[in-house]
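Peer 1: Produce the entire structure from the sequences given, and follow the hints as far as they go.
These are the residues of each chain, in order.
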Amino acid sequence: MADHVATAPGAVVVAPRGPLAWYRQALMRSEGLRGYTLLSPTLLLMILVLALPIGLLVTYSFWTQTYLDFDRSFTFANYLKFFDRPIYPYLLGKSMMMSGSVTLATVLLAYPMAYFIAFRVTKHKLIWLILITVPFWTSYLLRVFAWKIILGYNGVINSGLIELGLITEPLQFLLYNPFSVVLTLAHAWAAFAILPIYVSLEKIDRSLLEAATDLGDTPVMRFLRVTLPLSMPGLIAASLLVFIPTVGDYVTPKLVGGTTGIMIGNVIQSMFGKAANWPLGAALSIITMIAITLVIGLFLWGTKSFRKRVA
Amino acid sequence: MSTATSVQGPRFGALGVYAILYLAFIYIPVLFLPLFSFNDSIYIAFPLQGFTFEWYEKMAASSGLIAALKNSVQVGSAVAIGATILGTFAAKAVTRYKMPGRGPVITFIMLPLVIPGIILGIALLIIANMAGLGLSLYTIGLGHLLVSTPFAMLIMVSRLEGFDKNLEEASQDLGESAWSTFWRVTFPLALPGIIASLLLSFTISFDEFILAFFLAGTDTTLPVFIWSQMRFPARLPSVLALGACILVTSFVVVSFAEWFRRRGVSLKTSSGI
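Respectively, the protein sequence lines represent chains A and B.
With our numbering, letter number 298 in the first sequence gets 717, and the count goes up by one each step, no holes.
With our numbering, letter number 103 in the second sequence gets 629, and the count goes up by one each step, no holes.
It is worth saying that the hints were derived from the structure and are not from the lab.
On a predicted model such as this, the values are computed, not experimentally measured, just so you know.
Note that CB positions come from ideal geometry on N, CA and C, so glycine has one too.
The reader is advised that the hints may include incorrect statements.
Cβ-to-Cβ under 8 Å is the rule here; a few derived chain A residues that face chain B [stated by the list, open to error]:
| hint | residue |
| --- | --- |
| 1 | PRO460 |
| 2 | LEU471 |
| 3 | LEU560 |
| 4 | SER578 |
| 5 | SER704 |
| 6 | ALA710 |
Peer 2: The following block contains the structure:
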């Protein structure tokens, strides 16, 4: 532990000899330095496997793919290609719309559940929270796969309905379309939305609610004027936690999306697989990140003005 | 909470019904996996054909699966230990010391949580390729360390914030060295957090597919193996059997981790982050 130097009793302050001694002295004097010493392994990891790779990704996006190698001269060709082929902007827009629908559905479904745990459950809150979070930690691939077997042509719903005599031919519209992707994602990310909303609801000072009631607010008014605005941070966090990862998802579209359900993530993935055009794939992912950032910026700006209006 | 209920109306009611329906929505789709893993038919469809352990036997006999399972356990264990050590150090730093630039640094460490997995995956693939690192279990492990460390840090921050800093100071005032203070005060108090962090980091790595898909060489982890099996309809029932086993294991491990993490920490402080 780095701080033992700082607090060792009876440490004699001697004139610094060499860099190590100087460092020890500095450690004793500066709390910040002690903190950063403890943080340094984590920061080093993040620089090596996060900052550096993302930097390289940006660099790659300005290169071009030659047969098996890269042409390393700086060019905007990949970015121009994005705007040149309507399929890319279309897919990016579609992915945003689909993730937006997933986010909206997930958050709307999660809110009453979080509200229930925060305000109605008085005993065994822990058990409810565990019940909610556990499915989230089980394999993502399997949760998506579960929907494939439920919605499939010979899947659970179709075979079940035929067995019950309600239909004679399997329903074809269940699987392989944008809706099946949205449904599957909304299920897979459900738990992720509940926790932040729950936390923000749990933090609300209960006396504020009592005050609102005492001052004559009806339950609906109280919810709209006190509970909802105060739970906005949780709603925002939940939205971001669902929206960001789902935009780039390629597993769900591939398993349950069919040809009409593909998203930008599938294209990026294919650039690093079959299509083998890494620089174009890099450019597409940079554009996707920028687009996500813009949408989030707009969203945050929008919620801010909403909160101002309510307040 | 007694005052709260007085303004909150009935304890159950419509919301309670909704909560039950919601749980059903979360759980029922997933429960089809174990249900059909015992079904005596190659087709995953109703009506059920009778009970069998055949798919579990086939699963256990698959050498590729056993190898992938072993790889996943190895990578998961290494990631769990690595992420927990890094997360604990980082959490101690940000909860115990006044540091300039604390906010931006925390944001930087949390970035992997808000960058789509596919982008982390390809960025790591590019750097591994450039550094001449062959794709292997090590590259998967590095990727998983990247996404597990923020979680480990969040868990440890909430744990360290949950107990009184004065306990550590008292120990030092009473003449314990920093080292023995750590082992006799900090460590036992942080232990539930450490165990939760180990279990959750392991689970993240064990279930992670998106990064592993890009970073896997010839040795694969379990999710990558499952993905490769999904193309063959004849192997699907065995995939279901495997899925059922993973489901049960994850369920037990995560319930245990959550119980450990939240035990003793009041819900409000533990959920502070």
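Peer 1: Does each hint hold? Answer for all of them.
Peer 2: Quick rundown of the hints versus the structure:
The restraint placing A/PRO460 at the interface with chain B holds, with a minimum CB-CB distance near 6 Å, inside the 8 Å limit. Using the Cβ-Cβ criterion of 8 Å, the hint placing A/LEU471 at the interface with chain B is satisfied: the shortest such distance is roughly 6 Å. At its closest, the beta carbon of A/LEU560 sits 5 Å from a beta carbon of chain B; the interface hint therefore holds under the 8 Å criterion. For A/SER578, the suggested interface contact is upheld, since its CB lies about 4 Å from the closest CB of chain B, less than 8 Å.
For A/SER704, the suggested interface contact is upheld, since its CB lies about 5 Å from the closest CB of chain B, less than 8 Å. Given hint, A/ALA710 at the interface with chain B, is violated; its Cβ is 11 Å from that chain's nearest Cβ, farther than 8 Å.
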